[in-house]
Amino acid sequence: MQFKNIFKFHGGVHPNGNKSLSTSLPIGRLPIPKKLVLPLRQHVGRVAKLKVKPGDQVLKGQIIAEADGNVSASIHAPTSGKVLKISEEILPHPSGLPDFCITIEPDFKDTWIEKKPISWKKLDRTELIEALSQSGIVGLGGAVFPTHMKLRINQSQPINTLVINAAECEPFITCDDMLMRERADEIIQGALIAQTILGAKECVVGIENNKIEACEALKKAAQKTAIEIKVVPTVYPSGDAKRLIYLLMGIEVPKEKRSMDLGIQVFNVATVAAIYRYLELGEPSISRVVTITGAVKAPQNYEALFGTPLSELIIAAGGSPNKTKKFIMGGPMMGFDLPSIHVPVTKAMNCVIESSPELFPAPKPVMPCIRCARCADACPVNLQPQELYWFSKSSQLEKAKDYNLFDCIECGCCTYVCPSNIPLVQFYRYAKSEIIAQEKSKEAANTARERNEFRLARIEREKKERAERHAQKALGANEKQADDEKKSTIAAAMERVKQNQQENIKT
Amino acid sequence: MENRSPYIVDAPSVSVIMFKVLLALIPGIALYVYAFGLGVIINIFLASFTVILTESAILAIRKLPIKVFILDGSGLVAAWLLAISIPSIAPWWIIVLGTLLCISFGKHVYGGLGYNLFNPAMLGYAILLISFPLIMSQWQIPNNLIENNIDWLDQIKIIMNSSLLSKETIDAMSSATPLDYIKTQLTLHQPLNIIQQNKIFGFLGGKGLELISLGYLAGGLYLLKEKIISWHLPVAFLSSLFLISLIFYSIAPDTYASPLFHVMSGGSILCAFFIITDPVSGPTTPKGKIYFGIAIGLLVFIIRIFGGYPEGVAFAVLLMNIFVPLIDSLTQPRIFGHK
Amino acid sequence: MITALLVMIFLAVLLGLILGYSAIKFKVDGDPMVARIDAILPQTQCGQCGYPGCKPYATAIAKGEADINQCPPGGDTGAKALAELMGVEFKPLNQEHGLQKPKSVALIDESTCIGCTLCIQACPVDAILGAAKQMHTIIASECTGCELCLPPCPVDCITMEPVLENSQSWKWKYPVYNIQNTTGA
Amino acid sequence: MIQHYFLIIISTVLVNNIVLVKILGLCPFMGVSKKLETSISMSAATAFVLTIGSMTSWAINHYLLEPNDLIYLRTISFIVVIAGVVQFTEMLMEKNFPLLYQVLGIFLPLITTNCAVLGIPLLNAQSSQTLIESALFGFGGAIGFSIVLILFASLRERLDGAEIPTAFKGTAVALVTASIMSLAFMGFAGLDR
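Going down the list, the sequences are from chains C, A, D and H.
Our numbering applies: residue 5 is where the first sequence begins, and numbers increase by one.
Our numbering applies: residue -9 is where the second sequence begins, and numbers increase by one.
Our numbering applies: residue 3 is where the third sequence begins, and numbers increase by one.
Our numbering applies: residue 1011 is where the fourth sequence begins, and numbers increase by one.
Here chain C stands alone, though its shape is the one from the complex:
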């Protein structure tokens, strides 16, 4: 197949897609579960502000937590019911640590709050963005960045091109594929709305050549519009926004810049569909399409309400034949093990794969790096993964940083091709979070230093002032005594600290 006007990026890999597993059936609907658990943080940015308390009755689509500031997103009740509790629950996050969630007990009436479609053609840009900030829509490709923030544009750099990301390059995931097959119209309408809000001159959809049906559906829907559907070769990670921009336009977006700064904005297909539903139908972001695939009996895509426990999704997919009950969220290249099968569906959850030894064999023994540089050939960022590994492994973090560790997108191509089976990405993640933690503590140390210096200066100043007062009044004997008393107390305290420490050592 020939690709016209496509710019190939360096590296990339061609894993087996395994996409047909979950595309034979249309998108299913899940019944309303017995309880819904909604984390307050499902997006990048500040935690949403709680608007309900336990015992409150809520309607479907009602805001239960409000965006706190600009970089934040609201959370809506996915169905009508009662707020059961607000508590810490385990989340679908690689840490497996709990965070605050609202638990709703549905009343199974599914009563909508009054839907308010917005006649978006009549509103100006600021009003639209204001309206969208209530929608709860975040990037549904997995980045979960609040969408209304991406529609804000700065004056100096107008947006020229809107890119719709339909690449979906990770194996196994088909939620965008199925969405495009079934709701191509919504996507195209949503793209047009986003294009209008951004004032972009052109709109390009980038889709991998392995999604023929979806591509046909999009082309059909976009017939009468100026939207261009561009087919890109199937190479992982073409779905990474910066890689897709390069494929489509030949523009490299540097690490420290956003594509916005170069006049390009990227939205995922599911995100623009959500924009369409919010503005045209008045439906906020309360559900998404999730792929459940892998070893489950009946892999399929489901439209799931946010907060639906994963266990419900597994039951719908025919249950799991395996006893291991290991589930991966995301694709096999960048996903992570879920800590429990009771975690809720969140805005970021695009795919859940049941792991099995046949699908994902246990990792082979790790051998030392032989510097064969296959990883460097596969790296889509053109980094030198073998050097980054060498430095991360021996915790030479400064050096790793010098070799542009933070340009790494953790796509996993390097590990995919490593003859020594080294978990390279894990080393980069470790090094990155270690560097960030060190920088944080450095910052904290600087604040502490400033505060300490300020305090010392203040004490010095007060001493001086007091001395002056003494000299003036010439009756400072009493005060001096008091001062001495304080000093001796502190000195005694210091003495005690020392003693304690010595005792500690002895014990």
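These aren't lab readings, by the way, just hints derived from the structure by calculation.
The beta-carbon is built from N, C-alpha and C at its ideal position, and this holds for glycine as well.
Please note that the accuracy of each hint is not assured.
These stretches of chain C come out as covered by chain D in the derived footprint (C-beta under 8 Å, 3 or more residues) [said to hold, decoys possible]:
{"id": "1", "stretch": "100 to 106"}
{"id": "2", "stretch": "426 to 435"}
{"id": "3", "stretch": "441 to 450"}
So these bits of chain C aren't anywhere near chain H, every CB distance computed over 10 Å [claimed, not checked]:
{"id": "4", "residue": "Val51"}
{"id": "5", "residue": "Leu266"}
{"id": "6", "residue": "Ile494"}
Keeping only pairs whose Cα atoms sit at most 27 Å apart, straight-line, the calculated DSSO-like set for lysine-lysine is [unchecked claim]:
{"id": "7", "chain 1": "D", "residue 1": "Lys103", "chain 2": "C", "residue 2": "Lys436"}
{"id": "8", "chain 1": "C", "residue 1": "Lys436", "chain 2": "H", "residue 2": "Lys1044"}
{"id": "9", "chain 1": "H", "residue 1": "Lys1105", "chain 2": "D", "residue 2": "Lys65"}
{"id": "10", "chain 1": "D", "residue 1": "Lys82", "chain 2": "C", "residue 2": "Lys436"}
{"id": "11", "chain 1": "D", "residue 1": "Lys173", "chain 2": "C", "residue 2": "Lys446"}
{"id": "12", "chain 1": "H", "residue 1": "Lys1045", "chain 2": "D", "residue 2": "Lys65"}
{"id": "13", "chain 1": "C", "residue 1": "Lys368", "chain 2": "A", "residue 2": "Lys217"}
{"id": "14", "chain 1": "C", "residue 1": "Lys446", "chain 2": "C", "residue 2": "Lys259"}
{"id": "15", "chain 1": "H", "residue 1": "Lys1179", "chain 2": "A", "residue 2": "Lys53"}
{"id": "16", "chain 1": "D", "residue 1": "Lys57", "chain 2": "C", "residue 2": "Lys468"}
{"id": "17", "chain 1": "D", "residue 1": "Lys103", "chain 2": "C", "residue 2": "Lys446"}
{"id": "18", "chain 1": "D", "residue 1": "Lys173", "chain 2": "D", "residue 2": "Lys105"}
{"id": "19", "chain 1": "D", "residue 1": "Lys175", "chain 2": "C", "residue 2": "Lys330"}
{"id": "20", "chain 1": "D", "residue 1": "Lys65", "chain 2": "H", "residue 2": "Lys1044"}
{"id": "21", "chain 1": "A", "residue 1": "Lys215", "chain 2": "C", "residue 2": "Lys12"}
Assemble the complex: chain C is given as a structure, and chains A, D and H must be docked to it using the hints.
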């Protein structure tokens, strides 16, 4: 909980890579046997035996899994390369000592597989060359040049204990390599075309030796096809060696051998495809590989022509290994989105 | 003999003159090292090193009066960084000065606090809020965990609470290998 | 003439490399090669001292010692001169590159006792060359020292990440590496003819 994404991999293991390298050496070795008899096989056998024993002992001392690190094949590759680089009629303890030193000092002192700074095989060769210069310059004459053909039993005898054979037999079997011969004859002010009429010269390089080089070339092309090695190193090395010898050849064809002769004699081809392509001790960036190859080509020529040793491959490789960390850090490719 | 002496004297005088002149010309004042050492120290201001704060300790190291391994909050990592900066051999933390503990912040039991302000005066970074006869509280984000407020408290209402990992401060851990290939022996 | 000077440079830098072939100056070679950056500064300082030192020693030898028949004073007077030059360099660095001064630490005054620095002028004086020759000799030696020190430092930095057996960690593996480098430099033998 493990977070080991990516969950899927698609890569040949280190063992597969190393055993493919051994496989690629087979045509060259077969032609070696055809031209010079079984001596080389005995050396390879001795080297393999020594390397397995030495590595097992070191791994046991270091409390590392022995089976895994023997089966990775990297020790065998180094041992085979050393065995085919030394004269095939050298006494048995030469290869045993060389292998022992190259594996222990070249590889395991630095931590074993993946950590050595220097090419182990070339380190072993350089140590042997400096310690036993006489033995290391006595090469066998191709079978078809010896009047009363010697059999493989004689070869075993000479390798195991040279006193079992008469001095005449040994002298009849050995001579200098063409490169060595040219060097010594040039100091006697012989013109090159006369020198090259000696019977040890063949069509392109040394008689028999050129055939072996062709065998290595075939193996090298197989490695390129299998993507075990990248094209940068052999191309850079061979073209720089060819060009520099072409320049000197065109200035004074009476003193300097032809570029093809330089490429086809000595260890040039083996070096291009098997020695400088050792990933551990070589540079990793594409640009770095090209500079590395060019520099080795130049050094090989300089040492062959102006230096004290007839063949410069081992020293050139070791010298450039010293430069590898610097080359790597100075030739970092442009990162996506960087200027 | 005389010439030899004369020659040596001549050399000595000549060099003496050149060096004396350059000693005046290239005179250096101030020590840029203190700031660089201070930048490595964790700024808890806890005084466990035996000096009344991080800056005095830094000054002492620069002068060569104090050793590089007296800072428990900095731990071995800090000592390593100092060793590298000073160009000396690394020494593990001197345990006479205390052990490295996980980062903690002080917490005042507000029902017991009598509002004596003693802890406020002890705090090196002004991280305690309050006034006389009023309950005090700790600004957790500013607290360095130095424990200097514990001894002065007359009612022992301050405790040190270790900072727990949450989903925001969570870090990726060092990967675990399948085969052991570190060199123990 | 130019060929002669070229051969002096080739000989001092490669064939008779001061560290790897003459085995002089091992103290800074081992001590200041842990980091690439410091090794670069150290080699610059040593190169400076070596070149200036060779030239001044030549002058002293040529104008002071030889005319007065005081050749037996060579060693001691060279030591005095070199100590002076080092002291001067030290002051210069403390003023202009204070951080470098701190990083180099004890190794800066130790240039005085660096046998390479004394060795080159002495070898120089024995072969009684002209000023240009002795300057080239000193400079070549300095370049040889610098190149080898910098390369060695880059190798040692790479070794920071290697899993070297405990018994060989640190100086041991550094010495093995230095000896292999020395072995490799033997390949240059015969180039100065």
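Problem set entry | Structure versus earlier hints - violations, ascending order | Every hint satisfied by this model.
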